[in-house]
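Peer 1: Given only the sequences and the hints, what does the whole structure look like? Please build it.
Each protein sequence line maps, in turn, to chains A and B. If you count the first sequence from 1, you need to add 1 to reach this note's numbering. If you count the second sequence from 1, you need to add 2 to reach this note's numbering.
Don't read these hints as lab results, they were simulated from the structure. C-beta: ideal position from N, C-alpha, C; glycine also. Possibly wrong hints are sitting among the right ones.
What the hints assert, rightly or not - So, partial list: chain B residues that the calculated Cβ filter (under 10 Å) puts toward chain A:
hint	residue
1	73
2	89
3	216
4	220
5	254
6	260
7	782
Said to hold, decoys possible - These stretches of chain A come out as covered by chain B in the derived footprint (C-beta under 8 Å, 3 or more residues):
hint	segment
8	43 to 54
9	142 to 153
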Amino acid sequence: MKVSMLYDMQACVRCYACSVQCGIENRARLSRDGKGTSEKVLEQQRPELRFIFPVLRYIGPYPGRSISYVHHCMHCENAPCARRCPAAAIEVKPYGPVVIHEERCIGCRACLEACPYDVPRFNPRLGKTYKCFMCYDRLEAGLPPACVEACLAKALYFGSREEVLFEAQRRAENYEKRLGEKFTVYGSEPVGEATGALHWVTVGPAAVLEKYTLRPDAAQKPIEALDAVRTIGWVLFGAGAAGIIGHFLYSLGKEVEE
Amino acid sequence: MQTKISRRKFLKLGGIAAFSPFVRLGDTLKPKEKAPDPVDYGGERRVPLRCRMCAQQCPAIGVVKDGRLIKMEANPHLPYSGICGRSRSTPAALYNPDRLKYPLLRLGKRGEGKFKRISWEEALERIAAVLRKYREKGEPERVVYLPRFTSAAGLDKPFWHLYGTPNILSYADTCHSAGHDWGLGAYFGHPMTPGAFWMDYPNARFGVLAMRNPAGGLCVYQFGTLFAEGRRNGGRLVAVDVRFPNEAVEGAGRKWLPIRPGTDGAFHLALAHEIVKRKGYDEEYLRRETNACMLIDPETLEPFEPEITEKVDPKTKKKKKHVRYKVWDEVQKKVVFKDEAQQPALRGEFNVSGRRLITAFEAIVQALKKYSPEWAEKITTIPAAEIREVADQLIKGKPRVFVDTGWYSERYGNVMRQFHALGLVNTLLGVWEKKGGVGGIPKVKLHGPLPKVPKPKAVQITKYYQKKKGYPFIVPKAGRRFVFEALRTGEPYEPKVLFAMGQNFIGGSAGSPELIKLLDKVELIVCMTPFMDESCLYADIILPDTLFPERDEALHFKFKQSMPTVAMHMKAVEPPFEARPGSWVILELAKRVLKPEEFEKYFGEFSRGGWEYGWRKQLAGLEKKHPGLTLERLKKEGVWYGKQSYKIKKKTYTGEIEIFSLLFLEKWKKLKAEGYPQADHAHPLPLWIPPFWWKEAKGKLKDDEFILCTGFSPLNSFTGGQTRNNPLLLEIWNQIGVDRVWIHPDRARKLGISDGDIVEVFPVHNTRAVARARVWVTPLVHPDALFSYYGVGPGIFPQLKRYLAFMPEYGVNINHFSKLHFAPLQGGHATQDVIIKVRRV
Numbered sequence: 002m003k004v005s006m007l008y009d010m011q012a013c014v015r016c017y018a019c020s021v022q023c024g025i026e027n028r029a030r031l032s033r034d035g036k037g038t039s040e041k042v043l044e045q046q047r048p049e050l051r052f053i054f055p056v057l058r059y060i061g062p063y064p065g066r067s068i069s070y071v072h073h074c075m076h077c078e079n080a081p082c083a084r085r086c087p088a089a090a091i092e093v094k095p096y097g098p099v100v101i102h103e104e105r106c107i108g109c110r111a112c113l114e115a116c117p118y119d120v121p122r123f124n125p126r127l128g129k130t131y132k133c134f135m136c137y138d139r140l141e142a143g144l145p146p147a148c149v150e151a152c153l154a155k156a157l158y159f160g161s162r163e164e165v166l167f168e169a170q171r172r173a174e175n176y177e178k179r180l181g182e183k184f185t186v187y188g189s190e191p192v193g194e195a196t197g198a199l200h201w202v203t204v205g206p207a208a209v210l211e212k213y214t215l216r217p218d219a220a221q222k223p224i225e226a227l228d229a230v231r232t233i234g235w236v237l238f239g240a241g242a243a244g245i246i247g248h249f250l251y252s253l254g255k256e257v258e259e
Numbered sequence: 003m004q005t006k007i008s009r010r011k012f013l014k015l016g017g018i019a020a021f022s023p024f025v026r027l028g029d030t031l032k033p034k035e036k037a038p039d040p041v042d043y044g045g046e047r048r049v050p051l052r053c054r055m056c057a058q059q060c061p062a063i064g065v066v067k068d069g070r071l072i073k074m075e076a077n078p079h080l081p082y083s084g085i086c087g088r089s090r091s092t093p094a095a096l097y098n099p100d101r102l103k104y105p106l107l108r109l110g111k112r113g114e115g116k117f118k119r120i121s122w123e124e125a126l127e128r129i130a131a132v133l134r135k136y137r138e139k140g141e142p143e144r145v146v147y148l149p150r151f152t153s154a155a156g157l158d159k160p161f162w163h164l165y166g167t168p169n170i171l172s173y174a175d176t177c178h179s180a181g182h183d184w185g186l187g188a189y190f191g192h193p194m195t196p197g198a199f200w201m202d203y204p205n206a207r208f209g210v211l212a213m214r215n216p217a218g219g220l221c222v223y224q225f226g227t228l229f230a231e232g233r234r235n236g237g238r239l240v241a242v243d244v245r246f247p248n249e250a251v252e253g254a255g256r257k258w259l260p261i262r263p264g265t266d267g268a269f270h271l272a273l274a275h276e277i278v279k280r281k282g283y284d285e286e287y288l289r290r291e292t293n294a295c296m297l298i299d300p301e302t303l304e305p306f307e308p309e310i311t312e313k314v315d316p317k318t319k320k321k322k323k324h325v326r327y328k329v330w331d332e333v334q335k336k337v338v339f340k341d342e343a344q345q346p347a348l349r350g351e352f353n354v355s356g357r358r359l360i361t362a363f364e365a366i367v368q369a370l371k372k373y374s375p376e377w378a379e380k381i382t383t384i385p386a387a388e389i390r391e392v393a394d395q396l397i398k399g400k401p402r403v404f405v406d407t408g409w410y411s412e413r414y415g416n417v418m419r420q421f422h423a424l425g426l427v428n429t430l431l432g433v434w435e436k437k438g439g440v441g442g443i444p445k446v447k448l449h450g451p452l453p454k455v456p457k458p459k460a461v462q463i464t465k466y467y468q469k470k471k472g473y474p475f476i477v478p479k480a481g482r483r484f485v486f487e488a489l490r491t492g493e494p495y496e497p498k499v500l501f502a503m504g505q506n507f508i509g510g511s512a513g514s515p516e517l518i519k520l521l522d523k524v525e526l527i528v529c530m531t532p533f534m535d536e537s538c539l540y541a542d543i544i545l546p547d548t549l550f551p552e553r554d555e556a557l558h559f560k561f562k563q564s565m566p567t568v569a570m571h572m573k574a575v576e577p578p579f580e581a582r583p584g585s586w587v588i589l590e591l592a593k594r595v596l597k598p599e600e601f602e603k604y605f606g607e608f609s610r611g612g613w614e615y616g617w618r619k620q621l622a623g624l625e626k627k628h629p630g631l632t633l634e635r636l637k638k639e640g641v642w643y644g645k646q647s648y649k650i651k652k653k654t655y656t657g658e659i660e661i662f663s664l665l666f667l668e669k670w671k672k673l674k675a676e677g678y679p680q681a682d683h684a685h686p687l688p689l690w691i692p693p694f695w696w697k698e699a700k701g702k703l704k705d706d707e708f709i710l711c712t713g714f715s716p717l718n719s720f721t722g723g724q725t726r727n728n729p730l731l732l733e734i735w736n737q738i739g740v741d742r743v744w745i746h747p748d749r750a751r752k753l754g755i756s757d758g759d760i761v762e763v764f765p766v767h768n769t770r771a772v773a774r775a776r777v778w779v780t781p782l783v784h785p786d787a788l789f790s791y792y793g794v795g796p797g798i799f800p801q802l803k804r805y806l807a808f809m810p811e812y813g814v815n816i817n818h819f820s821k822l823h824f825a826p827l828q829g830g831h832a833t834q835d836v837i838i839k840v841r842r843v
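Peer 2: In structure tokens, the structure reads:
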């Protein structure tokens, strides 16, 4: 079974409780993992630990309108970041989410290059990259992702892929009927070759989705070119062993640095 | 797809490529590792709480692990459960290193900000000594108690009343009292707070948001969750606001109409004008439910030959005036009492035994004649066509439409007129008490946790101003700024002790610099709060309060919701250092100040039985009337709720919704007779009165002049440190620039200001009150307005940054710039109604 998330731009009240809760959940994870007391972890400014956060844009001229949305990982079916990661730190769970394992991350930032949605965030101080892992610890324990639990507007929704697509379609149709405007369910179908379909789909007015927020050019990110380069790399370096040793030494060095 | 790749980038890509084959290996591996246990797992408690990050007390659950609060969740036992981001950031407030840790005693001058640590014993004894002195002198009323976010609810009021002071004064005059309360209260005969109405957002087809941004202010339980349901249902919205309220109106089917600050009243009057002109009102509703058909004299506006009786309310023993009035019966073709008429005439002029009479509705129609959309366009800058379009949607959708009744009203001197006009639109459309319209809020009444105490004899400061000084519409318990008026004038007496329980009376009231000067006359100022604020800077003694998860509290039942709700609050974690709850402080003071027999009579059982005793006392005998309302259920689930209701309580003289308010008529006549110049603010007919600034600027602001407007961010609330000094919220503030001041691009260009500049902001009337702010040049704000989220920066008190490390360095607070002035007749703080200047640094 695959799971998915839904973000409904039309229902969202822009309260950003999702972002706050993400920050709280991840800080609690830090203390769970022995990286600081539950008080200490709350004082640090760690914006990269909020895997969902607001982005505010606006269009003019006066009287303008703002087009804000929450930025988050799309959990691509084909996960370019995972394919790109040399340390195998990014894993696509059999049930859908794309999970980054901090302990395996070598901080090479290949995933930043690969991501067509500008999602992974690199913390130079720690030499690690962070991104949403759809609260897979919560999912495996039968809990919804923290941001979904936090959403008072039910703009964030979680469930099996089928459920989520059904709900997304239902909402889009209702909005179209009530408001006479076209709505899109973004990510239910493959967005591009590189990403495939998305495990985080978005419902929103078609005009807004196309022009201002989600990146229609996501499909055109030179991921194909990257793929070609990667193949060349495979040929150039030939033997896998060299790579394994290289990676081992590199990540070892990283750990010592910390 | 072909893309140019630079040499550097190519090398980087090559480097990545070297390791890439192992991704493929990884792809084929099945993950053996199971995810780690979620943070909720293992040994935690889940405690019912009521959030106090803002004042609304939304029911929540605190998740406790190893004795620490790790997160907050919404209480799932409610049909409309939800908490906002502020609430979810509670752990960051709780474990904030800036918390006040010990009782502090002032060193040096007030305002200098020098304090030393003292013991609780010393602090309490110092306070008690002063309290004993004023009680022994027979002047207990000189002590003023200012509660807000109080951690002693249920105990503080009885204590101060027993002590002898009637001066328990809330902050509501700096919020919704009484422009909102009486502007709308005119129709119902008693003050209607923002907690008196709920908009049926889920069932409404169309709504106008003016003076409320339900997603920015975000009182989640239940307005926020209802509002969100309305959004999911696909309702249409128009927001009338000085700035684009992105929280409320982003998305399809929603529109922003920018309005000139302080002119909302003109917009509502034009709506009423259009509705009347197009006969878009609900005729049957006006006839049946309101006093629209009442025959009045067109000159004096007095009802024609009414029958006035006085009834004694069996419950309160108070006398109540009842008016039975005459109408023109279209069937019998004569004047009769309304209850005798078959078809009372709604409009028209009648000649009755030589006297010219008109219906009240006719008078309203005549009064509205001049308020056309074109007239309103000149004042509000909203195009007449847009006003007509809004009126059109309201007429077509009625009664499943609303003009939101709003909340924080006390921004301008003319707000009572504004809310009166707003109420008129809703009354014409007949949306009160209708599905999809506006409902009244049902409440359960609980007992107090202590035995009933006698009322103090001395006159309350606010009541004095209500009775004697031309403010008949003050709500007496809501008038903290009249404490300062009493200090200024010495009338009715000079307050000598200010005890602020969570109230930031300086940072939160218009005219902070003037208020500070008046404090010289006060002998003792005590501030109890978890974080430093403007008022603490001037305190003699600061008491470190707990944050809400660190204490038990009385049951609460005053929610802004469509169904009666009672919610529990239990201590989840231990307070840090020497922080103590207000309930403990009040008990300690009671022991030290009251006579032993007084203490035993009123506090004895509570002091032995604690909150367990208090809660049982609050609920005694209520289960019969409200099945399931038991302490056991509240302890387990945290909440109890009853049935949803639309009913609005009416206390008018006629017993109907008074579209022509007889109470306004009575007060207006009286004020006129006394020669009071501002009497027209209580005019019973629709009337436009401009805000203070309009008169001062003669309707035209200069190039560098603005009206500074504020609104709530869903990530900040009041001037309390729990939100404005919160490390987690600060992260997001920085991401979206919550501390910025919004300015229109044309205005910015004229002043040579660019986006991101730091500017100096100050009021025209006090050029020394200067604050710095970062500017956001954006077409999302009206040219006449500067917009800032409320209370996000240190304003004119940069020294606050010493105590509040997570507060932005720059940012304005309108109260610092405003004046110690009062809105006519109702006493609101009219804080935005001053002219503000901006200059480059």
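Peer 1: If a hint holds in the structure, say so; if it doesn't, say that too.
Peer 2: Results for each hint:
| no. | hint | in the structure |
| --- | --- | --- |
| 1 | 73 | holds, 5 Å |
| 2 | 89 | holds, 8 Å |
| 3 | 216 | holds, 8 Å |
| 4 | 220 | holds, 6 Å |
| 5 | 254 | holds, 4 Å |
| 6 | 260 | holds, 5 Å |
| 7 | 782 | holds, 5 Å |
| 8 | 43 to 54 | holds (count 8) |
| 9 | 142 to 153 | holds (count 5) |
Checked against the numbered hints given earlier, the structure satisfies every one of them.
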